[in-house]
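Peer 1: Listed below, chain by chain, are the residues.
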Amino acid sequence: MSADDADRECERCWELADRNAAGALDATETAAWREHLRSCPACAADAALAGLAADLVAAGPSANETADRERWVNGVLKRAAAGGRIPTRARTFSAIVAIGAVALAAAVVTAFLVVPGSGSHDSRGGTPGGAARTAEVSFVAGSARVERAADRRLAELRPGDSLRPGDAIEVGVGRVGLRWCGGADLHLDAATRVRLEAAETASCTVRLESGRVVANAHGLARGSRLVVSTASGDVRVKGTVFAVEVVGADAEVRVLEGAVEVLVPSSPVAVLRAPRAMRLGGGPARTLTVLEIDRDRRLASIPGRAEEPVGARVAMPPATDSQTGPETALEPGPSRVAAIGGAERPAGRLPGPAGRTDGARVIGPAGVRGTGSAPGAVAVGGAEPLPTAGTAASDPVAPPAAPTPRELLDAARRLRIASDWPGAAAAYEELVARHPDSGEAHVALVPLGQLRLERLDDAAGALRAFDDYLRQDATAPLAEEASWGRIESLRRLGRPAEEADALRGFLAEHPASLRLGEARRRLAELGVQP
Amino acid sequence: MRPGNAAAGSSGGREADLRLADAAASGDDGARRTLALRLADRMRRTARFLLRDEADADDAAQSAMVEVLLCLRRYRGEGSLEHWANRIATRTALELVRRRRRDAEREGRGDAALPAPEETTTCGDEPEVVLRQRLLRCLDRVPDERRATVVLRLVHGMTLEEIARETAVPRNTAKDRLRVGRQELREAVREDPILGAALQERLP
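Taken in order, these protein sequences are the chains called F and Z.
Numbering-wise (my numbering), the first sequence opens with residue 1 and increments by one.
Numbering-wise (my numbering), the second sequence opens with residue 1 and increments by one.
Do not rely on the hints blindly, as some may be mistaken.
[As the list claims (entries may be wrong)] Sample of chain F residues lacking proximity to chain Z, with all beta carbon distances greater than 12 Å (derived):
(1) A27
(2) V137
(3) S143
(4) A150
(5) D151
(6) A155
(7) R158
(8) R195
(9) E197
(10) H435
(11) D437
(12) D473
(13) P477
(14) A508
(15) L516
(16) G527
[What the hints assert, rightly or not] Residues from chain F that face chain Z, not an exhaustive set, calculated with beta carbons under 10 Å:
(17) A54
(18) A58
(19) V73
(20) D457
I should point out that these hints are in silico values taken from the structure, not numbers from a laboratory.
For glycine and all other residues, C-beta sits at the position ideal for the given N, C-alpha and C.
Isolated chain F, as found in the complex (with noise of 0.2 Å):
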């Protein structure tokens, strides 16, 4: 037998491996693969190897597991009753922090908020060259806890509550608004974690560990400096409005006003003006050719506001160089933008259309122009002005929003992405709870159901999801996955009858299922003719 020949034999020899795994062999089957095992070594070691493994993760306790057991279990029961949450080594890994911990491990960027003590900037607020020590929730809709540093328990976040350095806050579903640093405005996203770390004389730090940040700096106390710290590089913010938000491992500023300094590890700074985005992380920082602001526009809009329409976008006309400034790091290059308008201005006095930026266009629907323009308002591009600083704190009638239904599938797949099922399924479970009749409640159930089925432990919930999902359309693009997931529900269940008659039904149903072969072979396991 030639190597290749011997690879596909062992190809064959995993894929029936595989189904006896599944415990899917039929008696002919399961002789081929003994046949196998006695004339391949490799796959016969495995299989050694297999057992022995299995025998030795399930083997009795050692005498050192059990003389270090109870230690051990004393140490976790302790941590459990403080909420999940212990002093930890610099490496110590927390199962209730890793809401978002694909995003947390990934990135530590820090962006830089910089209004100068000396020269064009006005106050507007606050005490003169000095941070206030403490941040003002001034808005929470949705669903948001903090973690207070004192004594790391968790807590519901509520508006007017003041928050101090060492305060982590991580919200769910929504949107919440802080006020800190004498009047800057940080409108936090959903899914997002951040913790304020310090406010010495002169300036704040936010440390973004996951999700998405909206900050507007006018309100800034004159010589306060605003620092928001993630992984890939620094980014220095002059009272501006701009967005930072951790990708993986990378994070993404967008500047919506105003202009920004890019202060990556190892290279110079960087000047970047609105409307710019800069992607920083693995590599050189590359500049974004499209800045999409259509989510942050909305994450900087005060909640109760009617919403901007969706898909705003502005495309940026090509770069020159003495817009970047002699300081920039950008990469040279066809994808290399320049700055276009969004001048500093004196912080309080915001530009209406007049003051927005020349060159870029608005792609996107109707009504999305620069008509008008409230006292403080931001305009982005052209676009709807964005409120004030100064507005979203002050507005006391401005009554919670609802998160919409976008949003909170938006959160639904941060969630999922940070590896958060709990939370994901949640954020599914709040769109059908709040918008039933939308399309995108319809599509929620299938990915909710299968959080629940394969992650939840919780097949009578995914059950019903499912039902829901083929109830409300049995022919919609998503039946198929909906249907075998009912199936996988029902055997999980142990309801053979309804899962028989459920097999039945898709393969009838979705005659060209990659899955048509395990359908049958499940049914044959039932004692039923397909």
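Based on the hints, put chain Z in the right spot on chain F.
Peer 2: Then chain Z, alone, in the frame of chain F:
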């Protein structure tokens, strides 16, 4: 039978598991302790098989146990408590594997810089302990992601589809990792006479 399901137990056993889980979830300290003591060894071993670094494995096992204790209401008795807890331990350890991988990539470290495995057994250890440590030393020579794939297959008996889902990679990627990882593990085992002899006894 899958190793992971081996402890699924009878319906009576599952009812006892459910009662224990309910009591622990209701705040019964004795039940919480009993449950944690019962699950600890298996969860720690599960994490250790997936993670090269013992401290990482301990962190992952602790985090998984905390999740088990905080989420007992989610246990519905559809399998044994051990199986349910081990799934959580596996998932938690895999998250840490991915995190370590990203850390290594960000710091420019590759798989070549695997730490040298350490001898951790002594003359008086039980045979199972010796074999387990030797197998772990062999696994330590397999890079993290391939190691995870191999362990999910050999120890947990997962299918390729399940491995792909658990490790969040396409099936073909999982297959490639498994192919190379198995070869690396076999080569490592071949160089260990004691482990090699134990395997000889198990060959079909």
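Peer 1: Against this structure, judge whether each hint is valid.
Peer 2: Verification of the supplied hints:
| no. | hint | in the structure |
| --- | --- | --- |
| 1 | A27 | holds, 17 Å |
| 2 | V137 | holds, 26 Å |
| 3 | S143 | holds, 18 Å |
| 4 | A150 | holds, 21 Å |
| 5 | D151 | holds, 18 Å |
| 6 | A155 | holds, 16 Å |
| 7 | R158 | holds, 23 Å |
| 8 | R195 | holds, 18 Å |
| 9 | E197 | holds, 21 Å |
| 10 | H435 | holds, 26 Å |
| 11 | D437 | holds, 29 Å |
| 12 | D473 | holds, 26 Å |
| 13 | P477 | holds, 21 Å |
| 14 | A508 | holds, 24 Å |
| 15 | L516 | holds, 15 Å |
| 16 | G527 | holds, 20 Å |
| 17 | A54 | holds, 4 Å |
| 18 | A58 | holds, 7 Å |
| 19 | V73 | holds, 4 Å |
| 20 | D457 | holds, 6 Å |
Of the hints listed earlier, there is not a single one the structure fails to meet.
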